[in-house]
Amino acid sequence: MTAAASIIEGRGLAKSYGAITALSSLDLTVGRGERVALVGPSGSGKTTLLYILAGLIPLDHGQLVLRSKPVADLRPGKELSEIVGLVQQQLDLVPQLPVIQNVLAGRLGQWGLLRSLASMFSAHERGEVVEALSRLGIADKIDERTSQLSGGEQQRVAIARLMLQAPRIILADEPVSSLDPARAEEILRLLTEVAADSDRTIIASLHAPELIRKYFSRVIGLREGKFQFDIPVQELTTQRLDALYDLDRRHQS
Amino acid sequence: MIWTGVTKARGAARFLETRRLLTLVLAGALVWSLTGVDWGGGIVHTGGGNAFKEFLTALFPPELSPGFLKLAIAASWQTLVHAVAGITLALAIGLALGVVASGSLGHLGRSRLAIAVAARFLLAIMRSIHELVWAVLFVTAFGLSSLAVVLAIAIPYAGILGRIYSELLNDVPDGPLDGLRSSGASPAKVLVYGRIPLALTDMIGYSFYRFECAIRAAAIMSFVGIRGLGYEIQLSLNDLLFSEVWTLLLFLVGLVLLVDYWSTRVRRSLGS
Ligand SMILES: Nc1ncnc2c1ncn2[C@@H]1O[C@H](COP(=O)(O)OP(=O)(O)O)[C@@H](O)[C@H]1O
Ligand SMILES: [Mg+2]
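Protein sequence lines correspond, in order, to chains Z and B. In terms of this note's numbering, the first sequence opens at residue 832 and continues consecutively. In terms of this note's numbering, the second sequence opens at residue -19 and continues consecutively.
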């Protein structure tokens, strides 16, 4: 039952960097269409976990099955990019390229090399880019150099890229950390809307409790590479969050 | 324990002594070598002062007769053509070898790594030989032809450009590259959509700088008998026609300034 409904099945996920244990033997099962918030102080392993789920860094130990296929068996490129996609803070765009090329990068997994090369000189699928950008309210920026856009606008470009990639699982690493509260809310709304479109799964790391309560269904607390809690969002209490973040502060001093 | 401590201290003292002694010896050698230089009439040509004055005054005015200007323009054109052809070929070879040498075309498996190392080695050989030496080789092989000059410039410059390109392509931030990889981009697509756009401004800036150097190099090919600005400068110098030399030098400076201006415009349009 769970096996059929779940899209992520991780067993004993472990990753170390030299002497530092970034993730220690985590079990994680996420169902189709779930909206999971990942919380935890910095250095707790959120980025590492998301990168592992995205297939960007290899596991030391453990088993990761995405959509009933071991991640090692998924062909990088087309097959993997249909299943997972990642948004980071605005760092993940190429600032020198025009907006349209950054959005079309979402197609690179599907396109062959020749098509990718040709599109760099004369953009393919412009219509779909216009459609995605209009939905995000920045269609007028399509030909602008990406570095000219504000932080919030760049984050929308990253979401547009994700819309063209259209992966089953959307991973977002602190997508709103560098934005002011109003813009952060707007970006999360757009991101979760895109996810809800066709029952996509979303896992995002973020710190703001009110945004977590509003846009997510499940919360996982991470500290020093271990899950501290994994609860429905209704059970998220201030004490729990305080404990998660405070414990670390006591630990560091 | 105590013993090793003592010997260590003594060893350190001896090391310091040796170092001081060495410094003294080297400084002495330097001073002594200065006495080895013949500061007298030998090194400065007697009457050199006069010749130099003559050379300077010849600037007012330089040779501006229509006939000579025509010759200067033709020579400048020749030099420019050699430089452009040489640098263009160098760009193509340098980019291809630089990409391979950077290892950014794939995860470095054993054979990929071997290929990258081979490319780096090849680039090192190409740039460690001076363009004039290459010119001697190619003139011997192909005679006094433009092909010889173009190759003599292209090969060492490709070596330098390839080395710099491979560093610039590797020296880009990881964030955007990870973004592309998470969209399913292969290393080759990451190169085209990430590394090259991220490094392009620096690559172009450096290439223009090398273009300026290529003009200088093309001019100096006169040493192996190739025609162009350098060749004419040599002829005029031999005849002690300094105002002609000045005209030719001004044309050379003009060429370099032209490239500089072009470079500024291109970089501005890239919005760096
Ligand atoms: N490339 C790396 N090399 C060495 N250590 C790393 C690397 N990436 C992460 N770490 C370490 O792994 C731990 C988890 O980091 P990270 O996943 O970035 O945490 P978070 O995203 O929650 O801040 C930290 O102690 C961090 O220093
Ligand atoms: Mg992080």
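Mixed in with the good hints there might be a few duds.
From the structure, some residues in chain Z lie toward chain B, with a derived Cβ separation under 10 Å [said to hold, decoys possible]: (1) ALA850; (2) ALA903; (3) SER912; (4) ALA936; (5) MET951.
If you are wondering where the hints come from, they were derived from the structure by calculation, not from laboratory data. Where is the CB? At the ideal position from N, CA and C, for every residue including glycine.
Return the numbers of the hints above that this structure violates; sort them in rising order. Those not satisfied are hints 1, 2.
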